[in-house]
Structure formats: C-alpha cells, structure tokens
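Trainee: Protein chains in written order, with numbering that gives the first Met the number 0: chain A, 0 to 236; chain B, 0 to 236.
Source of the hints: derived by calculation from the structure; they are not laboratory data. Beta carbons: idealized from backbone N, C-alpha and C, even for Gly. Do not rely on the hints blindly, as some may be mistaken.
Calculated lysine-lysine pairs in the PhoX-like style (CA-CA distance at most 25 Å, straight line) [said to hold, decoys possible]:
{"no.": "1", "chain 1": "B", "residue 1": "K208", "chain 2": "A", "residue 2": "K233"}
{"no.": "2", "chain 1": "B", "residue 1": "K114", "chain 2": "B", "residue 2": "K169"}
{"no.": "3", "chain 1": "B", "residue 1": "K208", "chain 2": "A", "residue 2": "K130"}
A few chain B residues that face chain A, going by a derived Cβ cut-off under 7 Å, partial list only [claimed, not checked]:
{"no.": "4", "residue": "K94"}
{"no.": "5", "residue": "I98"}
{"no.": "6", "residue": "S132"}
{"no.": "7", "residue": "L170"}
{"no.": "8", "residue": "S171"}
{"no.": "9", "residue": "G213"}
{"no.": "10", "residue": "R216"}
{"no.": "11", "residue": "M228"}
{"no.": "12", "residue": "A229"}
{"no.": "13", "residue": "L232"}
Residue-level listing of the chains:
2 protein chains.
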Amino acid sequence: MEIFYSKDIEGGYLHLDEEESAHCVRVLRHRPGDEIAVTDGKGNLLWCTLTEASPKAAVARIERKQEGFGTHPYRLTLAVCPTKNNERYEWMAEKATEIAVDAIVPVIGDRSERKVFKTDRLKRLVLSAAKQSLKGVVPQVQEPVSVCDFIDAAPDGALKLIAYCFEGEKLSIKEALEQSPTSDVVVLIGPEGDFSAREVEKALKAGFKPVHLGDSRLRTETAAIASAMAVYLKYMD
Amino acid sequence: MEIFYSKDIEGGYLHLDEEESAHCVRVLRHRPGDEIAVTDGKGNLLWCTLTEASPKAAVARIERKQEGFGTHPYRLTLAVCPTKNNERYEWMAEKATEIAVDAIVPVIGDRSERKVFKTDRLKRLVLSAAKQSLKGVVPQVQEPVSVCDFIDAAPDGALKLIAYCFEGEKLSIKEALEQSPTSDVVVLIGPEGDFSAREVEKALKAGFKPVHLGDSRLRTETAAIASAMAVYLKYMD
C-alpha cells in the first residue's frame, strides 16, 4: 500500500505538492480515475479519485474519510540531545517514527558538543518514514531548545522521565511506565557526555522521574529508541 | 572506561592484536605498568598490567579476573534476512549488540533479494560495538544459511518465534515471551518481501510460534531491534 501526504485540502478536493505529485504521477504512473490514499497528517486517511494527473500539481477528489488511521493509544515526546554524528540522530528519528512517536525535540545540553541543529532535513526524513510505515499522523519535529528551557516548558500532567548515567535512586523505565496512570509520556535523553548536575537537579525539581534503561550501556540514539520501544510494548496487546 | 579484546591468552599473560595494540599504545598512549581492562569475549574481564607497550604487539600480565562481566540473563538468537540496503543490516547488528544479543544469523529467504552476504565486515562491526558498549561476550555472527536450513537446525528447547506479515492467529511477541518458561529465545525475521508460504509452514511444523510486533509497520531491521528490545525489557528489573 502506498499513501500520499497533503496539507492542502479544500472543498472536497486535495492538492499534492510537487514532490508528491511527481511520485504519484511520474514514478507510480497514476492516471485520472485511479484511487489513491492520502493522509492529512492528522490521523485521517482520505480515499480519493485522482482528477488531475499533473506531475507537478496533482489534484484528487475526496471520496471517503477513514479516521484514526495509523495512530497509537498514547502520546510520546522524545527530547533527545543531538549526537555528534548527525546520521545517528536521523536514524533515531526514522526508527522512532516507525515505532510510534508524537514529537521529537532536539534539546541542547550543557555538555552537548553540537549546539546548533537544523531541522529541515530531519522533517523531510520523518515525513517519508511516516509515509513508509503508514502512519496517519506525522510526528512533529520541534525547533532546538536548551535542556533547561525544555524542562521549564514540559507539561505537568505528563509522565516525565529523564535517563542519565550518573548514580542515584532510579526506577527502570519499565517500572516507571507500569506505575503511571497517564498515557502522555515525555522522555529526556542526554548527550554523549551526559546531562550536567544542574540540568538533572532542575529536572527532578520539575517533577521528572529518573529512570535507567537496564544494564546495557546504550548510545544516545539507542537509548531514545529503547524508550520508544518500552512505551510501545506497554501498550502492545 | 575503555576495554580491549584479546583471544590470545596464555600462562597469565595476554597479547593484543595489531589493531588493539595500536589503539592501546598509539591512540590511548598506555605505557608499561599501566592498568588496562581486557575482555576475552567469553564474559570474563581481565584486569592487567601492560608489560610490553608495543604499538604492533602489546603484552599484558593478568592480575585478576572478573567473571560474568557485561552478560545478560538470557540467550537471544536473531535470525534476520539481509536487507536490500546493507547499511540497515549493519545498523541492526550494532544496535542488537548494544542492547544484548548472543547470535546474529543472516538467513536467506525464498523472497530475499540479496542471496549473497559477506560476514567479515559485520564481525568487525559487532566486535567494536561490543567493546564500545562494554559487553563481556562478543555476539557470534554466523555464516549465511537458508531460512529452511535454519529452521531445521533450530534447537528444540528454545522459544522459537517467527514474525511474518500475512494473516493468521498470532500472539504479540510480548505475550509469547511472558508465557515462555525458557530464557533461550530464537527470533526469525523475514525479508522486505516477507517469508514464502512454505517457509512459514515449515517453521510452524518445527514448533516456531507466529508472533506480531504490534500495530506499527516496521522495516526488517526495526523488527529485529524491536524483538531484541522485547526480550531485553522482559528481563529488566
């Protein structure tokens, strides 16, 4: 199954952008009258009839709407410090999208080696991963923010978890998830050099629970995926 | 912490190969008398004193042995069909090693696009991932084998799971793991084009349990990591 993506929906018709149009018409050779499936990125799958098979600006008529397509029964925000190697971060974002994530936030820590982070490329990558894995909702890639600012802005109602390396009383992420009544989860993952003491202190004051991810020493990007999997598995039937 | 790896251990002394020696002496500038930690790849961490700081053939005297280092309380074999894009397979092997895996078996399915697979590069990559993540045991990278031959050779005592896409009664991998008394787990993951009907039939006859990995559509390499995480989380305290 192939799904397209469009934000440009109006009066029972939708328009595909240039990239999507080219893929639909040039690559997949769809012609007027063909049925195509389009997600609006908000959890709706729109079954359409292609009316204008233009490789630059295809248009389709919406025939029916399937709600709650490619969604998951929880809300997960992954706030992850950029890795030194950008490919590892992109990989993390792709895999988190495949598994299920709602927001990816590049957070810059006191000990982050990379202080600058561009999101354009990551947004494109997340969109294509969402389409490839038939997600109805495209995860939000937020603009970079400092760890401290992220902590200040984190919602009170959510289960807020922070995974850091240095010593202290910690639950496993599995226990923390099992004990929690809320399905709104925020996980904060530090840089290769870990969080600073003041960042951890601030997080704990703000109600973040310190968690460990088991006995294995995981890289930053693997810790993020392990967290996404832990939440995914909690809700697996 | 930095650990080295040596198989060449005799009479209370060990030798590092050329690559390890260069890393120890040239890169990390260790000198005679320095304490270094070396794993034998079998779950033992050997605390040693460097006696010959040769950048081509370093030698160290074993002072004490720490058993059960960097091990995990289960045995996991991941039998995964090679992905079209080899990088994705290498990534899977690196991440599985970080999380915890005992054997990685490239299996060639009826519908595999890649029928040939070289393991040399993968073995080096797994070794360096094992060292980086402080594993005491280096996962075994086996030579490629057909899916059918792998099924024939799979141990009877193990919990044998097969994840395939087409319809049928399936437990979730989480349920299958929870129900199982054994800690010896084998997971068989198919190629992009899925297993053939005869492969699935053969696996079920051989006692493999069909499992699903939840509602998300996961790529081959992500399915393998999801399986490794499911086992890892079962044993997480």
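Trainee: Determine for every hint whether it applies to the structure shown.
Mentor: Now for the hints, and whether the structure bears them out:
1. At roughly 21 Å between alpha-carbon atoms, K208 of chain B and K233 of chain A fall within 25 Å of each other, so this suggested pair holds.
2. With a CA separation close to 28 Å, the supplied pair K114 of chain B and K169 of chain B exceeds the 25 Å bound.
3. Distance restraint check for K208 of chain B and K130 of chain A: the Cα-Cα separation of roughly 30 Å exceeds the 25 Å cut-off, and the hinted pair is therefore not satisfied.
4. Annotation: interface hint on K94 of chain B holds; nearest CB of chain A at approximately 6 Å, less than 7 Å.
5. Because the beta carbon of I98 of chain B sits about 6 Å from the nearest beta carbon in chain A, less than 7 Å, this interface hint is met.
6. For the restraint placing S132 of chain B at the interface with chain A, the shortest Cβ-Cβ distance is roughly 5 Å, inside the 7 Å limit, so the hint holds.
7. Contact between L170 of chain B and chain A, as hinted, is not supported at the beta carbon level, the nearest pair being about 9 Å apart and thus beyond 7 Å.
8. The closest approach between the C-beta of S171 of chain B and any C-beta of chain A is roughly 5 Å, which is under the 7 Å cut-off, so the hint is satisfied.
9. Restraint check, G213 of chain B versus chain A: the minimum CB separation of about 5 Å is within 7 Å; hint holds.
10. For the restraint placing R216 of chain B at the interface with chain A, the shortest Cβ-Cβ distance is roughly 5 Å, inside the 7 Å limit, so the hint holds.
11. Satisfaction of the interface hint for M228 of chain B is found here, the shortest Cβ-Cβ separation to chain A being roughly 4 Å, below the 7 Å cut-off.
12. Checking A229 of chain B against chain A: minimum C-beta separation of about 6 Å stays under 7 Å; hint holds.
13. Interface hint at L232 of chain B: satisfied, since its Cβ lies 6 Å from the closest Cβ of chain A, which is below the 7 Å cut-off.
Against the hints set out earlier in the document, violations occur for numbers 2, 3 and 7.
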